[in-house]
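Just so you know, the sequences run in chain order A and B.
Once you know that position 399 of the first sequence is 399 in the numbering used here, the rest is easy, because the numbers rise by one and skip nothing.
Once you know that position 80 of the second sequence is 1080 in the numbering used here, the rest is easy, because the numbers rise by one and skip nothing.
To be clear, the hints were calculated from the coordinates, so they are not data collected in a lab.
This one's a predicted model, so the numbers in the text were calculated from it and none came from an experiment.
One should not assume that every hint holds.
Stated by the list, open to error - Listed next, with one range per pair, are the computed distances between beta-carbon atoms:
id : chain 1 : residue 1 : chain 2 : residue 2 : range
1  : B       : Glu1056   : A       : Gly126    : 49 to 59 Å
2  : B       : Glu1008   : A       : Lys157    : 22 to 32 Å
3  : A       : Gly178    : B       : Asp1122   : 51 to 61 Å
4  : B       : Asp1122   : A       : Glu19     : 51 to 61 Å
5  : B       : Gly1050   : A       : Ala337    : 27 to 37 Å
6  : A       : Gln296    : B       : His1155   : 24 to 34 Å
7  : B       : Arg1046   : A       : Asp311    : 50 to 60 Å
To be verified - Which chain A residues face chain B? A few, computed with CB under 7 Å, are given here:
id : residue
8  : Leu4
9  : Gln12
10 : Pro17
11 : Ala25
12 : Ser27
13 : Ala29
14 : Arg32
15 : Val87
16 : Ser88
17 : Leu403
18 : Arg407
We put the beta carbon where it would ideally sit given N, CA and C, even for glycine.
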Amino acid sequence: MSELKDLAWQAQSQSPPPELETLLARSRARVRRRRFVAVAASLAAIAVPAVVVLSQQERDVTPDPATLAVRPRSGHELAHSPDAQLVSVLPLAGGNWVALWNRCRAQDPEEAPVCWSTMAFKSASGVEFTEPADDFPVLEPHGDLTYGFRNVHDDVKNRRLIIFENGRPIERPLTVSGTTTAVGDGLILNLAGKLVVVDPRTGRAQGLVLPADLGSPNRYRHDSTGRWWLVKNRKLAWTADGRTWTRESIATKQSWTDASSLDGRTILLHNHDDPYKGTGSYQRSRDSGKTWETIQDPNKWVLQFEAVFNDGTGLVTDITLRNAITTGLYRIAADGAIGAESQTQYALGSIESHGDTLVGLVEGPAITSPSPVPTGTPTPLPPTPEPIRKVALSTNRGVDWQLFEPR
Amino acid sequence: MDDERLRELYEGCYGRLIGQLFAVCGDLAEAEDVVQEAFVQGLTKRRQLGQVDNPEAWLRTIALNVARNRFRRTVRLRQLLRLQPRPVTLPGLSPDRIALVDALRRLPLDQREAIALRHIADLSVREIAETLGIPEGTVKARLSRGRQRLAPLVHEFVDDPQTEEHHV
């Protein structure tokens, strides 16, 4: 058994569960308290206000707990709340972007917080916000496409598809029935581990039946030529219609990270399926996967490809920060060699690209020393990190970056 | 959700959630509070609990939200009061395991969550992304950084270049 699982088992074995009836009683008391607070709030709202002269002490009242966790009145209000946090940001076509904000508050310190989220999106109309929702939509960058889902693991009636049209999120109910081998004008999406073909106009989806040798692909992408391609069993297979598949041999069995140019002509694949090992080389194709070259990486870093362009350049992150570096984001030269850092001022995470545009969450100032290795001697707890609210955006392939808050 | 299913769910997953949240909280009493609070919260929405595809995953998400909220309050308070880190209080732990708990506590919370969900709850990267509402790339980066920092204490995290497979 692994050390972590053994630790978890030891904790579990020393914590017998309380009687279920105890927790049921607590939940019933909680429901009664909420109903009382809700009724009191309603009565206060409709009562005829009386003119009362208050002393200074009486005026300094704490916020009504009932209002702490209520639904924000708008996505704009949510994103501008003092305790709002940025969860993710994705670039879209045409220089647009979408950012997911959330805000979590608890009416009672002992209660689970209630979380609301909104998508802030920039389109030709400027920055707008979706209505607050009490769930977290999952947004997927997918080559030249971006889409998302709500409530995938919840009641099937509540599942929703999110697609972006001209930078604006459009939501539709998502229903899945039957199977198909054809893609047509649909989108191949990964719905909780299963590939489905979705009609974006209606939200109706069918399970995608892949050829037997391509089942359960590790990775799949869409490019601007309309091609869907995936990596499986030392093959890069692609299709435009779902029926006819072309297979190209590749050197790596599976790759835990990849990047491709917008039209899919240039593709980078890792030489390993283990995201924790630096193998000292990676694979690059300049002709949509037909032929491949091995690029050496003498540093043997654990690479995460962030972007690649058809002139061979790109950006890559050394995600272990094993070396004394500042940000971990490096440029790839035209010959594939990993060179200088893209910028040295702040640590970026969750970097996503779309064409020449890159965007990433600003996680903090530049890191100036390698990750510390635990020595077994207790040390002071690290300071609470500040909530993430800023992103860095580059529209010229990571040469220049600008910071802003996407709200 | 009917009473029988509810009892089965409770008896089946309470212990698992304790183990997972212990790795996140670093303290058994805190993990117990968090998991029990998640069940209380879930029981106030019993109809919804009966309709979700994966009730255990739903409860785990609530527990992580509670843990995150409490962690932020606790760290600020300890900084204000200049308190020392609390000792590991799980009886019977070997020195190696105590060191592992301490190392987990010193990871940033987001890396701790990713490590617990991947290596204790056995969730896939995709499932972790859906639980935390973040892109898969972010999950991978957090996992890799967390593993790097825990490598001296966790055998499976050791990067041994001598034993790498080269797919050429």
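Checked hints:
As the Cβ distance of glutamate 1056 (chain B) to glycine 126 (chain A) is approximately 42 Å, the hint placing it in 49 to 59 Å is violated. Taken as a hint, the range 22 to 32 Å holds for the pair glutamate 1008 (chain B) and lysine 157 (chain A), whose Cβ atoms sit roughly 24 Å apart. Remark: the range hint 51 to 61 Å for glycine 178 (chain A) to aspartate 1122 (chain B) is contradicted by a beta-carbon distance near 31 Å. In this structure the supplied range 51 to 61 Å is violated for aspartate 1122 (chain B) paired with glutamate 19 (chain A), their Cβ-Cβ distance being about 29 Å.
The given range of 27 to 37 Å is broken by glycine 1050 (chain B) and alanine 337 (chain A), whose C-beta atoms sit roughly 57 Å from each other. Range check, glutamine 296 (chain A) to histidine 1155 (chain B): Cβ separation about 30 Å, and the 24 to 34 Å hint holds. Checked against the given bound of 50 to 60 Å, the beta carbons of arginine 1046 (chain B) and aspartate 311 (chain A), roughly 58 Å apart, stay inside it. Interface restraint check for leucine 4 (chain A): the shortest CB-CB distance to chain B comes to about 5 Å, inside 7 Å, so the restraint holds.
At its closest, the beta carbon of glutamine 12 (chain A) sits 4 Å from a beta carbon of chain B; the interface hint therefore holds under the 7 Å criterion. For the restraint placing proline 17 (chain A) at the interface with chain B, the shortest Cβ-Cβ distance is roughly 4 Å, inside the 7 Å limit, so the hint holds. Restraint check, alanine 25 (chain A) versus chain B: the minimum CB separation of about 9 Å is more than 7 Å; hint violated. The beta carbon of serine 27 (chain A) is positioned within 7 Å of a beta carbon in chain B (closest approach about 4 Å), and the interface hint is therefore held.
Taken as an interface hint, alanine 29 (chain A) does not check out: its beta carbon lies about 9 Å from the nearest beta carbon of chain B, beyond 7 Å. A least Cβ separation of about 10 Å between arginine 32 (chain A) and chain B goes past the 7 Å threshold, and the interface hint is therefore violated. This hint holds: valine 87 (chain A) has a C-beta 5 Å from the nearest C-beta of chain B, less than the 7 Å allowed. Checking serine 88 (chain A) against chain B: minimum C-beta separation of about 6 Å stays under 7 Å; hint holds.
Look at leucine 403 (chain A): its Cβ only gets to about 19 Å from chain B, farther than 7 Å, so that hint breaks. Contact between arginine 407 (chain A) and chain B, as hinted, is not supported at the beta carbon level, the nearest pair being about 17 Å apart and thus beyond 7 Å.
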